[in-house]
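Asker: Heads up: the sequence lines are chains A and B, in that order.
Take the first sequence: its position 247, counted from the start at 1, is 247 in my numbering, and no numbers get skipped.
If you want my numbering, it's the position in the second sequence, counting the first as 1, plus 262.
Derived by calculation from the structure, the hints in this document are not laboratory data.
We treat Cβ as the ideally placed atom computed from N, Cα and C, and that holds for glycine.
Worth double-checking, as some hints may not be accurate.
Simulated coverage check for chain A against chain B, where a stretch passes if three residues somewhere in it have a Cβ under 8 Å from a Cβ of chain B [to be verified]:
no. : segment
1   : 52 to 65
2   : 81 to 91
3   : 99 to 110
The calculated label-pair distances, taken between Cβ atoms and stated as ranges, are [what the hints assert, rightly or not]:
no. : chain 1 : residue 1 : chain 2 : residue 2 : range
4   : A       : Lys124    : B       : Ser579    : 31 to 37 Å
5   : B       : Arg540    : A       : Lys124    : 29 to 35 Å
6   : A       : Leu175    : B       : Lys536    : 46 to 52 Å
7   : B       : Lys536    : A       : Lys124    : 43 to 49 Å
8   : A       : Asn112    : B       : Ser552    : 47 to 53 Å
9   : A       : Asp170    : B       : Arg726    : 29 to 35 Å
Derived contacts from chain A toward chain B, CB cut-off under 8 Å, selection only [what the hints assert, rightly or not]:
no. : residue
10  : Thr76
11  : Lys94
12  : Leu95
13  : Leu135
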Amino acid sequence: MKVVIRTDKLSKYYGKGGEIKAVDELNLEVYEGETFGLLGPNGAGKTTTVRLLNCIIKPTSGAATVNGYDILKNETDVKRVTGLLAESPGLYEKLSAHEFLDFMGALYDVPNNILSERIDDLLKLFGLHERRDYLLEGYSRGMKQKVLIASALIHDPPILFFDEPTSMLDPRAALMVKDLIKKLADSAGKTIFICSHILPVVEELCDRIGIISQGRLIAVGTVDEIIAQTGTKTLEKAFIARTGGVEEKELLAWREQKGANP
Amino acid sequence: MPTPKWLVVARNEYRIRINRIRKIKPYFPYLVIGLLAVYVAFIAPTVVNLFIDDFLAFFFSQVAVAMVPIIMFMIFFYLIILPITYTLQGMQAGQVEIFLAAPIKPSDVLLGEFLGVMPFYAIAITVMAGFFTAALNPLGLDMLQIAITVTIFVVTFLSALWVGTVIAALVRTKFAKSARGRDIGRALSLVLALPMIAVMYAIMGGGLLEALTDPGTSGMVRTILGLLPSSWGAEVIVGFASNPGNIGAVGFETLTRFGGLVFFFVAVLWLGTKAANRAYSIEPTTFTASRAKPDGFFYRTVRYLGGGGSFGTLLASVFKDYGRRLENLSRIAYIVGLIAMVKIFFGGGNEDPEGALIMGLFLFPFLAVLVVGQVTAGGKESVFIYKKTPFGVGRFVKARLLQGLLVAVPIGAAITAVSMIQIPQTTLISLLTYTGFMSQLVAANVALALGLSLMNPEFSGNTRAQMVGLMVNAQVAMFASIGVFIGSMVVLDLGFLNTVGLQTVVIWLLGIVFLYLGKRKLSRIE
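Work out the full structure, taking the sequences as your base and the hints as a guide.
Answerer: Structural data, given as structure tokens:
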């Protein structure tokens, strides 16, 4: 199987002397056409990894290739072959959905003769066609998320990065996005890289997952393999076993001050 | 062939700005060009003709030699801080991520952002250049001189705007990534205007022009001004005004100064594109998280003043939230700076307390409005926190009122005391009496400002929107002060202290009414 994303000791350190290790010697391979999920608690390094692989920030050390392009030497090529739904992207609130997608299409050099039709098709797919000319400032968070997903797809890239794709969506929209991701992977042959801490989403969509904690990749494999590695029964338990959690006896300890009602 | 990326960004930037007037969007360029043509061809020459004798006298006087570089400098400085202020007021780093993820060079983004706003700046440039050209035209300048004059305006102002745009992009990168940085940015956006106001006040009331036309006192200022690119063009324009139709008489000066200006423009353009890589980055620049210290004497006192119980805790929390936002502190610095400048440039030589304090009657409403700020700027969510708790809204309003009083009254008292101390015949009794009266007035204005702020809540975090709301509130508060002042001093001739007393009573009453209505409005917000 062809490897489309490969990292070799990819690291991103911050602070004096690099004491904050956002990503620490990450070795990862993602295969063409697979849906890969990167799981991790908040601040584990998921978003930093995605930003590194999209050439948004530069690594401190190590190397990575995306679709065969070096993230340091072929930045523009990497950007052309990837689509990104960022975790907290900035929308131009004073643009309509159509205008925003038109702008994003132009940034990615989508030819004019297909751009307009593609925008219409995407807006119809996401149920936003009726509101295509409304300014984004009036959209709900879920609707904005749909526009952002559409913008990641606008240039039809072979590799898609979704950072928390369903976190702001209602169940119906989340189901649609999950179905879309499945279709993109199964029928359109896209390689999809999902970052999330919503375990059922990752469990349902991903062929393989990696668990990252404090910048280090601590487990890689299929869901079954990860569960087996930790000797647990569910992905949730496996995740907690790998990343740590709160003991059950500590959960109500906060009520036990002197003088407080029993 | 794909559209150049800078053009894509410029088009997008233009769309964003034009969206406020979407309905006339298709006709907007034609409308603007038409109006500007009318302005340049008819309005500006007509206005100039009304004052033609004054203009001619001005251009032939020694004052013009000093004044034109100052005007050019002020416009130059203003056009530099305009994009910076605009960026600081509404900073968002998220959009940078869109550009960084796309196949586009940072220099294209910078150029596109600049060109996208250019049509709007071009309006301002045309208005200014059109006016100055109309003013110079009666002197009998030839076509080449007029062409060079117009070019000087365009190049000088474009240089300033480009420098401002580059600095704005760098500043956004520095500040927009963290809440603390955005707070610093918003704080800076307000105080950036103070130096220009100082120059303006110095011209209007500080005798700056007179000092500059005096060769004995103007040497250093003129030398400094002469080093600035804004002055190079000004010198050429003054030279043309002295030698209309004879460019040869100032040929060398024209060549060096105008050439220098063009070179400066090309140089900043080049340097700006080189700086673009630094201007678009979302790499964290700091990991120093702000940390709260244990409550010291000040917050313990605030807690005590709030009764020590749960309301004391609430008051201390409200105070902490207020005091830790630099934006609030910068508003205080801004109004105190403004009052100080008014005192320095317009308030000299008062022999009696009334003369020294009369400005306060009109400036204290501003002080109160800016100290109180937008109480709902934290967004509806923070209002809902209070709405959810028992008697929450009432306690919130009470806490904000007490907090406003604790900040504004000492400032008002200190300003009054300083003004009084400068009067030779001030006694301790008169100092205390006037300080007490003026402090009461400030307190009343705080109540009114808070009431107005609650009545006209601004939930957005955008500084521009907040400042517009505050200015509306300030106008209302000032209108109330002026109304009572005219009624009391001019119509009833009650004297200064009685006027202050009456103002205090009326504004307190208005404040109580608005506080009640504001509280009711806040309770009903959904």
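Asker: Could you tell me which of the numbered hints above are not met by this structure, giving the numbers in increasing order?
Answerer: 4, 5
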